[in-house]
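Undergrad: Chain by chain, the residues:
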Amino acid sequence: MFGDYSIGDLGSIFVMQGFAGLILFSVYVLMALGLAIIFGQMGVINMAHGEFMILGAYVTWLTSSAFQHYLPALFPGYFFLAMVLAFIASGALGMLVEWGLIRHLYKRPLDTLLATWGLSLILQQTYRSVFGAREVGVELPQWMLGSKQITDTIEVPINGIFVMCLTVMITVAVAWIMYKSRWGRQVRAVVQNRIMAGAVGINTEKVDRYTFGLGCGIAGVAGSAFTMIGSTGPTSGQLYIVDTFLVVVFGGAASLIGTIASAFSISQTQSTLEFFMSGSMAKVLTLLAIVGILMLRPQGLFALKVRK
Amino acid sequence: MIINSRFFNRSELIGFVALAALLFVILPLSLDVFRLNLVAKYLTYAFVGIGLVLCWGYGGILSLGQGVFFGLGGYCMAMFLKLEASSVENTKIQSTPGIPDFMDWNQITSLPLFWQPFHSLTLTILAIILVPGLFALIIGTAMFKRRVGGTYFAIITQAVAAILTILIVGQQGYTGGINGMTDLRTLKGWDIRPDHAKVMLYFFEVFLLFGCILLAQFIRLTKLGRILVAMREQEDRVRFSGYSVANFKIFAFCMAAIFAAIGGAMFALNVGFMSPSFVGIVPSIEMVIYTAVGGRMSIFGAVWGSLLVNVAKTGLSESFPQLWLFGLGGLFIAVVLAFPNGLSGIWADYVQPRIDRLLTWRKPKPAKAWTDGSVADGAPAE
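For the record, the sequence lines run as chains A and B.
Mapping to my numbering: the first sequence position 111 is 275, numbers consecutive.
Mapping to my numbering: the second sequence position 2 is 106, numbers consecutive.
Just so you know, the hints here were simulated from the structure itself, not pulled from any lab data.
Think of the CB as a built atom: it goes at the ideal place given N, C-alpha and C, for glycine as much as any other residue.
Hints are not guaranteed to be accurate.
[As the list claims (entries may be wrong)] Which residues of chain A face chain B? A few of them, derived with a C-beta cut under 10 Å, are:
1. Pro273
2. Thr290
3. Ser442
4. Leu460
Same shape as in the complex, but just chain B (with noise of 0.2 Å):
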């Protein structure tokens, strides 16, 4: 199925061992744990920059609504580590021992029953995945085989965001209201708040990240990403062809929910706590801008976008709190208006070629580097 003969073409290859570099090397070595734990913050929303080149980049459906799945991901690792937490030991203040505080102060007085699987940590990882994969499927199956799309599309994930946000912060005592979950302690008896747990996850959570990618690049590369790329292109002819779009666009959408809950999780699991603000419609357009400014068509471009942008907003929003919405604001007309591709088109157009110069300029033959290099190795990088 595998069109290209090499799983990454060289200039990608570079970005990759990059990228690997910084986040395992580079990065743990140079930040103290706080930082280190701030990164692991940032590199969550990576996940759903991921899952966004896929669907938007190639799919060219733009969702407005993955804070939806992020916190449907990030609520179910939180439950699973809630519950660990209010153990009867842990609770015996409260009046009813061994349910999470929130639901001993809203006056419920046994656990609900969609918490009750949240007891096992298998159940729960399936769920991180399975619940908004599944609520994906609805949502594109309703969408998708009625042919909307476009625009529309956009809108509804909103209201669906709109609503869930709405429903937790309503449902106080489900859900824990506008605090969220907060006071999360340990993960199977082993503590999560510590320095050298905050190291550990960081080292998982990176390790889940390359995976992620390895996966997108897969779906990328197979006969898969094609059709998609083309149906972002010409979708009738697409579907003249014998092609149920749909369904593809279904794929894509559910594989990019999938993507944001485990970001969600991991984000449950690093910052230790998880509120209905990383749910709604402001956050879920965030998530949508850091893969724009990385660029919409690189997987990589959306994990360093991730990182620059929420570098940016820290460094900003601690120094000059009133600057940041401008330079957000700015940001976000910047590259819809000049740099469509984000900062990995910037560097396809602009850097790479002077760097591929310089390359062909050392070796002695350039006619014949010139064959081994660019051309061989097919489309430059998106």
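The shape of chain A in the complex, shown without the other chains (with noise of 0.2 Å):
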């Protein structure tokens, strides 16, 4: 397998590789951010995540076009008002849909998933009808085009770049609000013990519909950063919701730096596997990893140790 390339030759192919990996990472990341503060903190499935996240990648697609035809001169800088529609977009369903439906459930988690996954077979024809069947790809301003030159053999895509730059901030700016806010300390007092955080004054409800919206609206600036790689369909979502359930589990739920290298491994594994077979055999051989690591180890990567 390794016969026909030289040494140098592997090591642009693992760098390369290497690279896109990292875009997927970033996806997964971000996917998994989300998703890992409704499931890990709350216990939530929630299976409609995916058409959160191409709801934030419609948006981006909208203001991209409105850009386009209103404001032309403003273009290169459409992307940073795309992200905050699209936080705003899926974080306000998010809200909505935690009202009128998550609350209901919080009891029977089972059955969430079967709700949640109700509302996306609702949500995916809803874009179907709005935006067409056919994927939609927004046209990327001119700096994030072409790719830079790092050595001979290497080079790397300018739009890979942003994107990990941006996980990387989004990440820290959770990691801030989790675990350094005020706000974040009383999600996690709710998810520790709800009855007595109710009883030191913290309002339980609110910080379920703060925190699943927050989920969501993360899920919307993901979907903003996956129109820069990829197009968008309505049924891109569910393409990736099974990956990244996987990710959180596998990463230890309720456990950030766990998302965070538990997306690291699977997005690396698979994509260097890639390149020396088939992709769906990758895919698999990944997928039948991660599964027998968590017969294993159940718990996940990095499990906080908690008193049942």
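Make one complex out of these two single chains by using the hints.
TA: Have a look at this one:
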């Protein structure tokens, strides 16, 4: 398998595949962050998470079209506004869904899975009716096109670098919100002991709603980033949802570091394997490895030690 | 071992007779062969549903990978039929006669080893039961012995469904790929495609279905069924009472897998092909929906749910293809939010009491009828 390549070639292959893996890693992390908050902190299985992401992608696409039409001068910077709009749109929808659906089901976690699956079907069909069944792609501004030559054999695309920087910033922001801000402390208090948190004056219902909204909003930002590297269709979200759940479970739910570590190892394994065998076999092997490891270590890579 | 002295209580007996009348008499008499074949297709999901009632409704184990077992059963059956359809005479235009056409297209020149047992019908029937059963045993042992359950189990079964679909689609030469196994013709020389064969297969399937219903009802009524319910409600207490919770869960999961596999095999026979689109995550979740709509606690409910949801699906997607997903999604949410026990729950809560009242009203001595009826029969239908 390695015979046909020289050492230098192999090095370049690993770097480039590693970089491709990093882009996949960024998408996984962005999606998994929202899911880790919702699943890890609230115990809700949100099968519609992919559709929240796609909502963000469609919002980005709409913004870019609007800028192209009305404000071509500002087009290079449309992405930053689009990201904010995507966050607001997905977050608002998320809060609406929490109010209308999820809050009735906190005592039945398996049922949230079924209900949100129904929601995802409705959202998919809505996208199909509104935006059409064909995939749409945004036009990238000039400064994001092209790639950067690092050595003779290694070059990396600029949009990939941009998405990665974005991922790092969002991750840091989420970590700050969850672990440093007052609101994050309230969220963690509610997770650890809902009744006591309520007794000390935290409005647990409000915390739930904003937590769910935050998770969905991050999914919207993920969708926004997703448009940089792929096209968007009504069912694009569904392709990622199981992978993302595996990322969260593999990392150990409720652990931010674990989520990042597992997203990294999964995406790197997959993209490195992809070079040497067909994409489907690479995916099968990766998933099999995850399921195998989860069977040996059900609590995931980084589990919090909590007394049950 | 049987706790309840009667196998069916009164309302269950009514349900059983009504279902038998519908499936054995009313539908075959009133529908043409095409529609009857559609009903046969819907009923294959009822097998999965009965398994889910045992494993999810009673055992509390939600498996989102029933499509895996449905697919394994279906593929075992389809492999047998495909081998028979690709005899040397039928495939003499291929570069290697005697192997399935998709293998020939993918430059495979001899039959792979794992296809060899499927020359024999006996081995195929054994495989339909044993392959999914063993697979479920492995997954179940690995998961339940380590006390993985609930949502984690659901997600991992989903991943297994994803893996199997990708594998089937990717290994086109061995499995037929995304198109699946098509062009299935005969079963031991008996053509399965003409109308009279379809009617025969329908009746065979309904017989099997009632066999499964009776088996599931038997399991429900034995001590085993009680332990399953106890486990769902208070797992730790059952464990402290000295029962091995993991073994009971593994048993329920394996039974569900075998039921699903029988359904899959009947699917391959009745519909005449098998493809990965009945294996993956989406069909697996849809199978859970059928059960949820029918009522996760009711064996008959699972059958009704599979029938009604699929009739609605066919009807809606024939006339309003746009609306179908809205309908399905809405149904899902409504069932989960408002009617967690599905149609059978609505029946038991609203319709059954009225029927009972009507019956007691007709009887001359209401007080006696009361003690005869609901109390003596034990708990009302779940």
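Undergrad: Take the hints in turn and mark each one as holding or not.
TA: These are the hints, each one checked on the structure:
1. Contact between Pro273 (chain A) and chain B, as hinted, is supported at the beta carbon level, the nearest pair being about 6 Å apart and thus within 10 Å.
2. Look at Thr290 (chain A): its Cβ gets to within about 8 Å of chain B, closer than 10 Å, so that hint holds up.
3. The criterion of a C-beta within 10 Å of any C-beta in chain B is met by Ser442 (chain A), whose closest approach is roughly 6 Å, and the hint holds.
4. For Leu460 (chain A), the shortest C-beta to C-beta distance to chain B is roughly 8 Å, which falls under 10 Å, so the interface hint holds.
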